[in-house]
Amino acid sequence: MIRIACPKCNGELSQNAFNTSSLTECNSCGVRLRADVFPAINKQTETGLPGEALADGTEASCFYHPQKKADSHCELCGRFLCALCDLEINAQHLCPACLEIGQKKQKFTNLENHRILYDKIALILSIIPFTLIFWFVSIITAPATLFVVIRYWKSPSGIMHSNKVRFVLAFIFAGIQIAGWTMFFVSL
Amino acid sequence: MSLRKQYKRLCSGGHLFYRYTLWLGQDHLLYISAGMFVEEYKRFYFHDIQSLIVHQTESWKVWNIVLACLGALFLIMAIASDGPGAIMAGIMAILMVMITAANFFKGPSCAVYIQTAVQNEKLHSMVRLKKAQKVLDTLKPLIVLVQREVAVAER
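Protein chains in written order, with this note's numbering: chain X, 1 to 188; chain G, 1 to 155.
Think of the hints as simulated: they come from the structure by calculation, not from any bench. Don't be surprised by glycine CBs; every beta carbon is placed ideally from N, CA and C. Errors might be hidden in some of the hints.
[What the hints assert, rightly or not] Heads up, simulated PhoX-like pairs for lysine-lysine below, C-alpha to C-alpha not over 20 Å straight-line:
1. Lys130(G) <-> Lys61(G)
2. Lys61(G) <-> Lys106(G)
3. Lys106(G) <-> Lys131(G)
4. Lys130(G) <-> Lys8(G)
5. Lys140(G) <-> Lys122(G)
6. Lys42(G) <-> Lys107(X)
7. Lys140(G) <-> Lys43(X)
8. Lys8(G) <-> Lys42(G)
9. Lys131(G) <-> Lys8(G)
10. Lys42(G) <-> Lys130(G)
11. Lys106(G) <-> Lys130(G)
12. Lys130(G) <-> Lys140(G)
13. Lys42(G) <-> Lys104(X)
14. Lys154(X) <-> Lys164(X)
15. Lys8(X) <-> Lys61(G)
16. Lys122(G) <-> Lys8(X)
17. Lys105(X) <-> Lys42(G)
18. Lys140(G) <-> Lys106(G)
19. Lys5(G) <-> Lys42(G)
20. Lys134(G) <-> Lys122(G)
21. Lys107(X) <-> Lys5(G)
22. Lys105(X) <-> Lys43(X)
23. Lys154(X) <-> Lys107(X)
24. Lys122(G) <-> Lys164(X)
[Unchecked claim] Partial chain G-side listing against chain X, Cβ under 7 Å, derived:
25. Val38
26. Glu39
27. His55
Just chain X, with the same shape it has in the complex (with noise of 0.2 Å):
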């Protein structure tokens, strides 16, 4: 039996509403909706495999249990891997501790939920003093806006933008602001 709430009152959706492609009204509180279900909707949640336990002691263990059975090695470090241990990404077989690896130096692409950027950031710090009322603060902003830059040059930028324009702007005012300090100093 399938069960779809309402988004709006959270009561249960009739079935002729389904897939309809076009809008249709919600039983219980008569909202305009589009309900389009698929066939995941009947789908048995998965779980993960326990390990075998291991039969007698000339066969492999698990790197990570040593009371059960290997299945598979890490195709990264070589570890041998219980079922619960194996974990497929990217048609690879990995351990844990890769696969952590892996996701802290960001080399699984599909894995990584949120990204700093670094280059907005350096941007930001060189705009504000432009706005007349913060001037003042480009002798802190400016040579900070410069080690943003330095020190995260090679940091990604947003996952759709390669490009390193916002760093280039950040520098060039960030380099005005800097000139402009020490024209102020050498003219004193």
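Add chain G to chain X, keeping to what the hints say.
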């Protein structure tokens, strides 16, 4: 490395400090929430998607009324006053009329939810009913095709 070539942008929405975009990948949807300094990513694989639900919301009507009232208020102020104040109020009235017209012609607003076995996520990138219906029409055959292939492979 940019993934732009691997994805097709379906829709975007948001406000001043947050931008939401939905991208169509080969076997999944990529939902990006971009804040001031951080981008967050969520992937919805076609074989996991259980339902896509879109429902009409009232915010379109509310905004139309609010903006029209503001426009009328500025118009009255422009007629009632004179000098630079009248010009400013007149400009504001024209601006309000333009925003109201834009909001009116964009059509009714909506909220879209995507459901998988483990989550029910609101997609903030789809805020207009017309656009949401179009996106759903694009996605529906792709999801059905993938889920059919998975079902055949499992048999």
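Earlier hints that do not hold, by number: 10, 18, 22, 24
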